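**Q** Model the full structure from these sequences, guided by the hints.
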Amino acid sequence: MNWGSWSEFFAMGGYGVYVWGSYGVTFAAIALEIWALARRARRSHAAAP
Amino acid sequence: MSATIRWFWFASPQTFFPLAGTIARVCWIGAALLAAAGLYVGFFVAPTDAQQGEAYRIIFIHVPAAWMSMFVYVVMAAWAAIGLAFNTRLSAMMASALAPTGALFTFIALWTGALWGRPTWGAYWVWDARLSSELILLFLYLGFMALQAAIDDPRRADRAGALLAIVGVVNVPIIYYSVQWWNTLHQGASVSLSRAPSMAAAMFTGMILMALAFWLYSIAASLTRVRCIIAERE
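Chains A and B, in that order, are what the protein sequence lines are. Note that the working numbering has the first sequence beginning at 1, numbered continuously upward. Note that the working numbering has the second sequence beginning at 1, numbered continuously upward.
Don't read these hints as lab results, they were simulated from the structure. Every value quoted in this text rests on a predicted model; they were computed, and no experiment measured them. Every residue gets a Cβ at the ideal spot worked out from N, C-alpha and C, and that includes glycine. Heads up, some of the hints might be wrong.
Stated by the list, open to error - Sample of chain A residues with no beta-carbon within 10 Å of chain B, all distances over it, derived: (1) G4; (2) S5; (3) W6; (4) S7.
Stated by the list, open to error - Chain B stretches covered by chain A per the calculated footprint, using a threshold of three residues with CB under 8 Å from any CB of chain A: (5) 56-64; (6) 90-104.
**A** The structure is reproduced here in structure tokens:
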């Protein structure tokens, strides 16, 4: 286990902005693609994606 | 001989449609499970890096995304070439279905690279051979999508896009070997097929799990998208 507390985990040894900025934007971009795909699938055919 | 017949059977969009749905569902679930395992290993098992501290944890998305950005392009260009050579509708549709996901991973590789470059190099961006050729890859994906969107006739759009995709494939070895051919700020490969990885085992495991998750994600997303393209066109 690397982290003593949640605040240590979020701080990432002082690199929190860079690490969470990377993971946050990656997660958001992938979520956006999945949302766009689900919407396109609903419009093009009835079955769920 | 029977195997050959089966392949041509699935080359028809109508027969491929339900198969793609089944494969996509399995891959969505596999990608989610592998990503959860990869993130667990990446944040809770892999140790702090001696030189870079916690900033190195960006590696678990940066390297797999960069691998996928190149790999998806090669697969896209291969489908485009098959579509151009044999005039098969489904091949061209697969190329179109892969482009947005490839562009997504290229964007993620560039974005996470910038946020990793700032604390380690002191700059978000430098015009180094690796970074510049990866940026060109993003423009190739966006150019392919824009070109296809600009042409109304889908068969003509397929052929024009295929030409662009095939010409652009020369950029992929340039990205891959850029760190050897030029004196770049970007470091060389830590992982290669010919020797043991130069990193801790847990770091390597986390990276491979995330790479497999991105791999399955790409299959799931492109097959889901090709089903939309089939339904819209046929």
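**Q** Next step is simple, just say for each hint if it's right about the structure.
**A** Structure-based check of all given hints:
no.	hint	in the structure
1	G4	holds (13 Å)
2	S5	holds (14 Å)
3	W6	holds (12 Å)
4	S7	holds (13 Å)
5	56-64	holds (count 4)
6	90-104	holds (count 3)
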